[in-house]
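2 protein chains.
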Amino acid sequence: MTDPQPRPLSQMAPEELVALRDRQRSAHGDLVAEGLSLDVTRGKPSAAQLDLSDALLRLPSSTRDRSGTDVRNYGGLQGLAELREIFAELLGVQPDQLAAGGNSSLTMMRDCLVDLLLFGGVDSPRPWSQEESLTFVCPVPGYDRHFALLEELGIGMVTVPMTPDGPDAEAVAALVKDDPSIKGMWIVPTYANPTGSVCTQEVAARLAAMETAAPDFKIFWDNAYAVHHLTEDEAKSADILSLAAAAGNPHRPLTFASTSKITYAGAGVAFLGCSTDQVAWYLAHLGKGSIGPDKVNQLRHVELFGDAAGVRAHMARHREIIAPKFAEVDRVLSERLGGYEVASWNSPAGGYFVSLDVLPGTASRVVALAKEAGLALTPAGASFPYGQDPEDTNIRLAPTMPPVEEVTAAMETVATCVLLAAAEQLTKEN
Amino acid sequence: MTDPQPRPLSQMAPEELVALRDRQRSAHGDLVAEGLSLDVTRGKPSAAQLDLSDALLRLPSSTRDRSGTDVRNYGGLQGLAELREIFAELLGVQPDQLAAGGNSSLTMMRDCLVDLLLFGGVDSPRPWSQEESLTFVCPVPGYDRHFALLEELGIGMVTVPMTPDGPDAEAVAALVKDDPSIKGMWIVPTYANPTGSVCTQEVAARLAAMETAAPDFKIFWDNAYAVHHLTEDEAKSADILSLAAAAGNPHRPLTFASTSKITYAGAGVAFLGCSTDQVAWYLAHLGKGSIGPDKVNQLRHVELFGDAAGVRAHMARHREIIAPKFAEVDRVLSERLGGYEVASWNSPAGGYFVSLDVLPGTASRVVALAKEAGLALTPAGASFPYGQDPEDTNIRLAPTMPPVEEVTAAMETVATCVLLAAAEQLTKEN
Numbered sequence: 208m209t210d211p212q213p214r215p216l217s218q219m220a221p222e223e224l225v226a227l228r229d230r231q232r233s234a235h236g237d238l239v240a241e242g243l244s245l246d247v248t249r250g251k252p253s254a255a256q257l258d259l260s261d262a263l264l265r266l267p268s269s270t271r272d273r274s275g276t277d278v279r280n281y282g283g284l285q286g287l288a289e290l291r292e293i294f295a296e297l298l299g300v301q302p303d304q305l306a307a308g309g310n311s312s313l314t315m316m317r318d319c320l321v322d323l324l325l326f327g328g329v330d331s332p333r334p335w336s337q338e339e340s341l342t343f344v345c346p347v348p349g350y351d352r353h354f355a356l357l358e359e360l361g362i363g364m365v366t367v368p369m370t371p372d373g374p375d376a377e378a379v380a381a382l383v384k385d386d387p388s389i390k391g392m393w394i395v396p397t398y399a400n401p402t403g404s405v406c407t408q409e410v411a412a413r414l415a416a417m418e419t420a421a422p423d424f425k426i427f428w429d430n431a432y433a434v435h436h437l438t439e440d441e442a443k444s445a446d447i448l449s450l451a452a453a454a455g456n457p458h459r460p461l462t463f464a465s466t467s468k469i470t471y472a473g474a475g476v477a478f479l480g481c482s483t484d485q486v487a488w489y490l491a492h493l494g495k496g497s498i499g500p501d502k503v504n505q506l507r508h509v510e511l512f513g514d515a516a517g518v519r520a521h522m523a524r525h526r527e528i529i530a531p532k533f534a535e536v537d538r539v540l541s542e543r544l545g546g547y548e549v550a551s552w553n554s555p556a557g558g559y560f561v562s563l564d565v566l567p568g569t570a571s572r573v574v575a576l577a578k579e580a581g582l583a584l585t586p587a588g589a590s591f592p593y594g595q596d597p598e599d600t601n602i603r604l605a606p607t608m609p610p611v612e613e614v615t616a617a618m619e620t621v622a623t624c625v626l627l628a629a630a631e632q633l634t635k636e637n
Numbered sequence: 208m209t210d211p212q213p214r215p216l217s218q219m220a221p222e223e224l225v226a227l228r229d230r231q232r233s234a235h236g237d238l239v240a241e242g243l244s245l246d247v248t249r250g251k252p253s254a255a256q257l258d259l260s261d262a263l264l265r266l267p268s269s270t271r272d273r274s275g276t277d278v279r280n281y282g283g284l285q286g287l288a289e290l291r292e293i294f295a296e297l298l299g300v301q302p303d304q305l306a307a308g309g310n311s312s313l314t315m316m317r318d319c320l321v322d323l324l325l326f327g328g329v330d331s332p333r334p335w336s337q338e339e340s341l342t343f344v345c346p347v348p349g350y351d352r353h354f355a356l357l358e359e360l361g362i363g364m365v366t367v368p369m370t371p372d373g374p375d376a377e378a379v380a381a382l383v384k385d386d387p388s389i390k391g392m393w394i395v396p397t398y399a400n401p402t403g404s405v406c407t408q409e410v411a412a413r414l415a416a417m418e419t420a421a422p423d424f425k426i427f428w429d430n431a432y433a434v435h436h437l438t439e440d441e442a443k444s445a446d447i448l449s450l451a452a453a454a455g456n457p458h459r460p461l462t463f464a465s466t467s468k469i470t471y472a473g474a475g476v477a478f479l480g481c482s483t484d485q486v487a488w489y490l491a492h493l494g495k496g497s498i499g500p501d502k503v504n505q506l507r508h509v510e511l512f513g514d515a516a517g518v519r520a521h522m523a524r525h526r527e528i529i530a531p532k533f534a535e536v537d538r539v540l541s542e543r544l545g546g547y548e549v550a551s552w553n554s555p556a557g558g559y560f561v562s563l564d565v566l567p568g569t570a571s572r573v574v575a576l577a578k579e580a581g582l583a584l585t586p587a588g589a590s591f592p593y594g595q596d597p598e599d600t601n602i603r604l605a606p607t608m609p610p611v612e613e614v615t616a617a618m619e620t621v622a623t624c625v626l627l628a629a630a631e632q633l634t635k636e637n
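Residue numbers (the numbering used here), protein chains in the order written: chain A, 208 to 637; chain B, 208 to 637.
Please note: incorrect hints may appear among the correct ones.
If several chains are the same, the list does not tell them apart, and a pair holds so long as it fits within one copy or across any two.
Only pairs whose alpha carbons sit at most 25 Å apart, straight line, appear in this in silico SDA-like list of lysine to any residue [unchecked claim]: (1) K495 with Y593; (2) K578 with T276; (3) K384 with P610; (4) K443 with R333; (5) K578 with Y593; (6) K635 with D385; (7) K635 with E358; (8) K443 with L360; (9) K495 with P597; (10) K635 with R352; (11) K635 with P332; (12) K495 with D322; (13) K443 with E579; (14) K495 with E359; (15) K495 with S336.
Hint data in this document are derived by calculation from the structure and do not stem from the laboratory.
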C-alpha cells in the first residue's frame, strides 16, 4: 500500500493530507478486517533460537566440576570457576571479579539495589535507605524494567538523552557533580535497549572518571547484549571496570550479563561483574539467603560451550536466525515510510530492538491503532521512567520472536498506523 | 572404649572421675593420632541420595508444559501449574496458594522478609522498616540460617523452648499478645532442625489463632522436611493455612518447602505457600526482579515424579539410605554414653538432624576436642540466635552425608569427647 509519490507530510497541502489519511484509514480498516494476531512487544528469543541450545536438555554428562565438587549438592556461592572463566573472557573482566548466579541478571540488579538500600555499599557512609532522597540518572529511551525497579524501591529518576555513542556523558556529569542524592545510573552499554547505541570508550571513560557528589555513586552497567551481534562488525564493550579502577573509582561499576538470550531465556545463568571487594560484599549478603546457585545448570552451560569461542560460534548462529528479521524491519519501514518524514528508526548492529520515533504526539495513537489491527506493540512511553514519554514519540519494536513472515506483516501494519496517526494529527481541526 | 561399669558421673567419687577422665584422654589421644577426617556439620544429602535423582540429567523430554507454553522462554512467574499441583497435594495447600520458584526456599524467606521491611505485607499498616523495633520469636534450639538472616536484617530475636510437640505455644502467645514490635516467628513444623520435633495440630492451632499485638504477625513456617520421614510412621504436617484462615488470620502463615533434600540440594525447586492475596503480593514484588523461574528445571521435576505418589516413593528410597545412619548414631551414643548421665539426644522420626545435649558448659569443649581428633562438628551455639547457647549444652549432629562407617567413627569420637569434656569439668579444681 505504498503511496504513489511519497514526500514529506509537512510539505503536503491540506487536501493531500486528507487524501493520504483516508487511504491509510482504508488500509487500516482492511487490516482490522483481516483479524491479524501479531506481537512484537518483548525481546524474546524465537523457538528456532532456543533450539540452538537443546543439547542442554541432555547435559551435563558429568556431575562433578573441575575441582571435583559434586554439583548436585549445596555450596559454591560464587558459581563454577570454569563458567566464570568463559564469561570473564567474553565480558573482559577477571574471573574473581565475577559471580555466576541463577537464571536472571534482573534479580541480581534488584538484589544489589536492595542491599544498597538496606546496608549501603562498600563505599557508602550509610545505608541508602537513610538518605533523604535517592535519584538515578536514566538515559532515555531505555529499558522499562530498569525504571520499574527504581519506581518500586522509591528511587527517583532524572533523564538524560541516549546518543548513538551511549548516554550523553556531559549531561550525566553535570547532574551528578553537585547533587549527593544522585546515587547511580543505568546504562545498557552495548546495543542498548531500545536504541541499539554502543557506548564508546570515551563515554565510558568519562562516566568512570567524572566527579560525583555521592561518594558511592554506582553505574548499573547492564551488558545484556555484550555478544549479541547482528553484523560481522562486532562491537567491543568498553572496559568499564578497568576504566573506573584507573580513575580511582574501582567500586563505581556494577556490571551484569546473562545467557538468557544466548541459551534459554528462562533457564540460563546470570553474572555480576565488579571489583573483588564488591563481589565479596554481594556474596556476603547473598549468602544469608542462599547456599549456592544451581551448579548443575552452570555445568550444563560449561559443557555446552566448552570455551569463550564456543559462545561466539553459538552467537553467530543466533545472528543467522535474527539478522534477517531486523533487515526485514528496515526494509518494510523504509519502503513504506521513506520520503514522508514522519518517522525515524535505527538499524541496530546488535541487540534485540529497533527504536522507532514517530511524529511527536502520535506514538500512543499508533499503538492503539496497531492494537485494533491485531498487532501488539510495547505500550508507548514504556522506554521512559513512569511510562511517560514527554514527546509521545518513541515506540520499541522487538522483531526476534515472530517468524520473518510475521515480522513483515507486523511492520506493514506499523507503517500504516504511523502514517495514519500522522495524517490524522496534521488534519485535525484546530 | 566402653567403660567397664557405666554409672552416672554425678555419683562417682573424685578418684573415679579422674580415672575416667584419664582413660578418655588417652582414648582421645589415640583418635588424634589416627588423623581422622570426618564431618557431620551440615544437613547435606549423600552422593547415594543424589544418585536417586540422576534421571534429571536427561530430562525434560519435552520443552512444553501442559498448557503448551515453551518452558525454555521467559515468563510464568508463579511456576508451572503441574508442579504446583504435585506439591500442593504434598503440602496440603491449594495450587493457587503456591508459588514455585528457584533453587532455594531460603532465598524466598529472605525475599519475603526484605519485602516486608521495604513495603510491608498485605495486612501491614506500614513497611516494617518504619517500625521502631522488630523482633521475631525463635524456638530454640533452631536453624542457624534462620537466625543469621534476622541478624543481617537487624531484626531482634527472643527465644522460646522447643518441645517435642513444637514450639512452646503458651510462651509464644504470652510474648506476642501485648508487644506490637514482635512481628513474626520461625518454626520448622515437621522434623524440626535440630530437635526432630513435630508440631502438633493443637500447637499449630494455638499459633494460628493466638492474639497478636502486631496486626501483621507472620509465622515463617519452614516445612523443609515435610516428606522426609525416617520411619513408616509418617508425620502429617499441621494444616497451618487452613487453621489460620479459620481463625480469621489468613495472612499469618508464610510456608516454605523445597526439593533440595528430595532431588538435588543445589538444583531443586523451592515453594512458597500462603493466602492467595499474599501469593499475589509476593509475585508483584518478585516480578520487578524476575521474568520467571527456571521452568525447564520445574518441568524436569514434573517428569521425574509424575505425581505426588512419585515423590512419596522417591522419599522411601531416601529413607532406605539414611535411616541406618540415624540408627547408627543412636546405637553408638547409647552404647558409649548410656549410664553416665552426661548426655541426651533424640531419635528423630524424620528430618536431617540429631540434637545432642551434653553436660551444660561443655558443648564448646566437646566441639574443640572433636576438632583436635579430626571430626568437624557444627559450632556449639549454632542452634541459638547469635550463636549463643546460654547453657553451652547443645550440639547438632548431621549424619546423612558421610557413609555409615564414617558415621560410626564420628559417633565414637563424639562419645569420647563428650565423656572427656564432662570428666574434665567435674574434676576441675575450683
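So, going through the hints one by one against the coordinates:
no. : hint           : in the structure
1   : K495 with Y593 : between (32 Å within a copy, 14 Å between copies)
2   : K578 with T276 : between (53 Å within a copy, 23 Å between copies)
3   : K384 with P610 : neither (47 Å within a copy, 62 Å between copies)
4   : K443 with R333 : neither (36 Å within a copy, 47 Å between copies)
5   : K578 with Y593 : within (22 Å within a copy, 58 Å between copies)
6   : K635 with D385 : neither (45 Å within a copy, 66 Å between copies)
7   : K635 with E358 : neither (36 Å within a copy, 63 Å between copies)
8   : K443 with L360 : neither (32 Å within a copy, 40 Å between copies)
9   : K495 with P597 : between (42 Å within a copy, 24 Å between copies)
10  : K635 with R352 : neither (35 Å within a copy, 65 Å between copies)
11  : K635 with P332 : neither (56 Å within a copy, 49 Å between copies)
12  : K495 with D322 : both (12 Å within a copy, 15 Å between copies)
13  : K443 with E579 : neither (41 Å within a copy, 54 Å between copies)
14  : K495 with E359 : both (23 Å within a copy, 8 Å between copies)
15  : K495 with S336 : both (20 Å within a copy, 19 Å between copies)
The structure fails hints 3, 4, 6, 7, 8, 10, 11, 13 (numbered hints given earlier, in ascending order).
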